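Peer 1: Line by line, the protein sequences give chains F and W.
If you want my numbering, it's the position in the first sequence, counting the first as 1, plus 72.
If you want my numbering, it's the position in the second sequence, counting the first as 1, plus 222.
FYI, nobody ran anything at the bench for these hints, they're computed from the structure.
Quick caveat: nothing in here was measured; it's all calculated off a predicted structure.
The beta-carbon is built from N, C-alpha and C at its ideal position, and this holds for glycine as well.
Any given hint could be a false lead.
[Said to hold, decoys possible] In the PhoX-like style, the derived pairs of lysine-lysine whose C-alpha atoms are separated by at most 25 angstroms in a straight line are:
hint: 1; chain 1: F; residue 1: Lys-162; chain 2: W; residue 2: Lys-294
hint: 2; chain 1: F; residue 1: Lys-171; chain 2: W; residue 2: Lys-276
hint: 3; chain 1: W; residue 1: Lys-347; chain 2: W; residue 2: Lys-376
hint: 4; chain 1: W; residue 1: Lys-276; chain 2: W; residue 2: Lys-294
hint: 5; chain 1: W; residue 1: Lys-227; chain 2: W; residue 2: Lys-294
hint: 6; chain 1: W; residue 1: Lys-247; chain 2: W; residue 2: Lys-421
[Unchecked claim] Some chain F residues judged to face chain W by a derived CB distance under 10 angstroms, without partners named:
hint: 7; residue: Asp-114
hint: 8; residue: Asn-166
hint: 9; residue: Ser-240
hint: 10; residue: Ala-246
hint: 11; residue: Ala-250
hint: 12; residue: Ile-259
[As the list claims (entries may be wrong)] Some chain F residues well away from chain W (every beta-carbon gap over 12 angstroms; in silico):
hint: 13; residue: Phe-85
hint: 14; residue: Pro-144
hint: 15; residue: Phe-194
hint: 16; residue: Phe-195
hint: 17; residue: Val-223
hint: 18; residue: Ile-251
hint: 19; residue: Asp-292
hint: 20; residue: Asn-316
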Amino acid sequence: MEFLSEYVFSVFFVETLLNGLLYGGVLALLSLGLNLIFGVIDVVWICYAELVMLGMYTIYFMHVFYGLPLIPAALIAVLVVAVLGVVLHKVVINHVLGKAPINQLLATGGVLFFLQSIATLFFGVEFLSLGVSLGSFQLSEDIYMSTSQFVAFLVAAGAVVAMYLFLSRSYMGAAIRAISQDRDIMILMGVDANRLYGITSAIGGGLAGLAACLLSLQFDVHPFVGISFGPIVFMICVMGGLGNMVGGFLAAFVFAELIAIGGYFADLEWGTVLAFCVFVITMFIRPEGLFARKS
Amino acid sequence: MLEIKGVTAGYGDFTALFNADIEVKAGEAVAVIGPNGAGKSTLMRAISGMIPLKGGAVTMEGQDTRSIPPHKIVELGIAHVPENRRLFPRMSVEENLRVGCYAPPFRAKFSERLEFVYELFPRMKERRDQLAGTMSGGEQQMCAIGRALMSDPKILLMDEPSAGLAPVIVQQVFDLIRRIRSDGLTVLIVEQNVQQVLKVVDRAYLLEAGSIRHSGSSEELLGSEDIRKAYIGV
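Okay, chain F solo, but in the shape it has when bound:
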């Protein structure tokens, strides 16, 4: 009981849960992008977080180096990563479509290390900061929230809602969901699968670019920054059932809360350890993912 009153019914615990919720928003955005690409193209972009890293460099250079205001710099970053997504598809993914998953994994894994090395080569290993501080605001007497985290959450939530509307209301969105359910007959529906793949890659890249902008409000950019959330995003998608966008969305918040709660009861790093342990155990119990559909 003492444990409960000291740790659980505490205002700091509420703050922890809120922080987990905010972090979950950005993770949900990233897992949506990765799931979208997997669902449509049937290839996992293992290098997804490295696209985010390049997006973080883009906004950094646009804002700090070229002195563009934050919003235009962010728009350019989204655009640049969207184009990178299409380039990745045309140059690499197109050649491993329909191949054994291990080949796809190795190819996109190769791109991951390629992008890390090229970033090291061009940008060095320094930690670069956007230098934007939005400060914090007071939610209640004892609870302070980081404004940049809050903004990131709101923008991510807005993007998720926009994606939901796009997928559920438009012809293109309907075709994107349809192709993940039956690839071969899309030709009968008048759908050019290659064009759909290109558009999906651009959207997936654009979501990574947007996430990059949101993350660079909170984190410094360096060539290996992808490591700090790439594996998490991948595991979220697996836990939610790979390709299942709703499952990935929920799993993002489960994962973010695990990290936050683990960090609350021990050191911050323990949060990630706890989350990964839960992931491994989940794979024992429900290898198809926590929110997998019954088939």
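Dock chain W against chain F, hints included.
Peer 2: Below, chain W without anything else, positioned relative to chain F:
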């Protein structure tokens, strides 16, 4: 309307259809009958662009289908109801119908076509928000035909529409084909249920081991001793 001349098609190195000649005139209903593995589905897939032709040509109202990308074939007015229905199981009935209207030239007519399909299948209107994968086989077949009709086709290709359905539903499917015909739509249908299908079509082709062995009017084929023995079993 639809001319298939010397068409050879298959999968990879495997050829399932050899040098087939078939013609369907406007307003006709034509069946392709034959045993399992005769190449009937291959024929349908070759017409609608699901698989490339290895030889020969398919022309729709004078237009060679090889002159356009395969996903544009539906825009020539060829709609294909694939074998096993192939609905998008985790999308609602109405969303399935929407995908059937995907090609940009069709979109302007979406509401009009939706109304047409719902009039033809009032059951689909009742189930518009139900996930397609949760419906019965007969309802799924209606939805699959409806999805093909969304593009307002000139010719409807149907691949084994009665397969896997209960006898009572099979009867409904054939009644439906009669109704579609009487609306003036041209139909090319592949069926194993030979006796039933010969009652709704004008002519039929017999396909065996990848080649067309015989063709004739429905009465002629129904009267043929060989066909009665091999495919009707009486």
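Peer 1: Identify whether the interface hint at Asn-166 of chain F stands, where standing means a beta carbon of chain W within less than 10 angstroms of its own.
Peer 2: 17 angstroms, violated
Peer 1: Run the C-beta distances from Phe-85 of chain F to all of chain W and say if the shortest one exceeds 12 angstroms.
Peer 2: Per Cβ check, Phe-85 of chain F is outside 12 angstroms of chain W; nearest 38 angstroms; holds.
Peer 1: Confirm or reject the statement that Phe-194 of chain F sits farther than 12 angstroms, beta carbon to beta carbon, from all of chain W.
Peer 2: 40 angstroms, holds
Peer 1: Decide if the proposed pair is consistent with the structure: Lys-171 of chain F and Lys-276 of chain W, CA atoms, cutoff 25 angstroms inclusive.
Peer 2: Holds - the C-alpha atoms of Lys-276 of chain W and Lys-171 of chain F are around 24 angstroms apart, at most 25 angstroms.
Peer 1: Check the hint pairing Lys-247 of chain W with Lys-421 of chain W against an upper bound of 25 angstroms on the C-alpha distance.
Peer 2: 18 angstroms, holds
Peer 1: Classify the label on Pro-144 of chain F as holds or violated, using whether its beta-carbon is more than 12 angstroms from each beta-carbon of chain W.
Peer 2: 33 angstroms, holds
Peer 1: Determine whether the non-interface label on Val-223 of chain F survives the test: each CB of chain W must be over 12 angstroms from its CB.
Peer 2: For Val-223 of chain F, whose nearest Cβ neighbour in chain W is about 34 angstroms away, the distance exceeds 12 angstroms, so it holds.
Peer 1: For the pair supplied as a hint, Lys-227 of chain W and Lys-294 of chain W, is the alpha-carbon distance within the 25 angstroms limit?
Peer 2: OK: Lys-227 of chain W and Lys-294 of chain W at ~20 angstroms, within 25 angstroms.
Peer 1: Regarding the assertion that Ile-251 of chain F does not contact chain W, is the least Cβ-Cβ distance greater than 12 angstroms?
Peer 2: 9 angstroms, violated
Peer 1: Any Cβ of chain W at or closer than 12 angstroms to Asp-292 of chain F, or is the non-interface label fine?
Peer 2: The assertion about Asp-292 of chain F holds, with a minimum of 41 angstroms to chain W.
Peer 1: Once the shortest beta carbon distance from Asp-114 of chain F to chain W is found, is it less than 10 angstroms?
Peer 2: 16 angstroms, violated
Peer 1: Taking 10 angstroms as the limit, does the beta-carbon of Ala-246 of chain F come near enough to a beta-carbon in chain W?
Peer 2: 5 angstroms, holds
Against the hints set out earlier in the document, violations occur for numbers 7, 8, 18 and 20.
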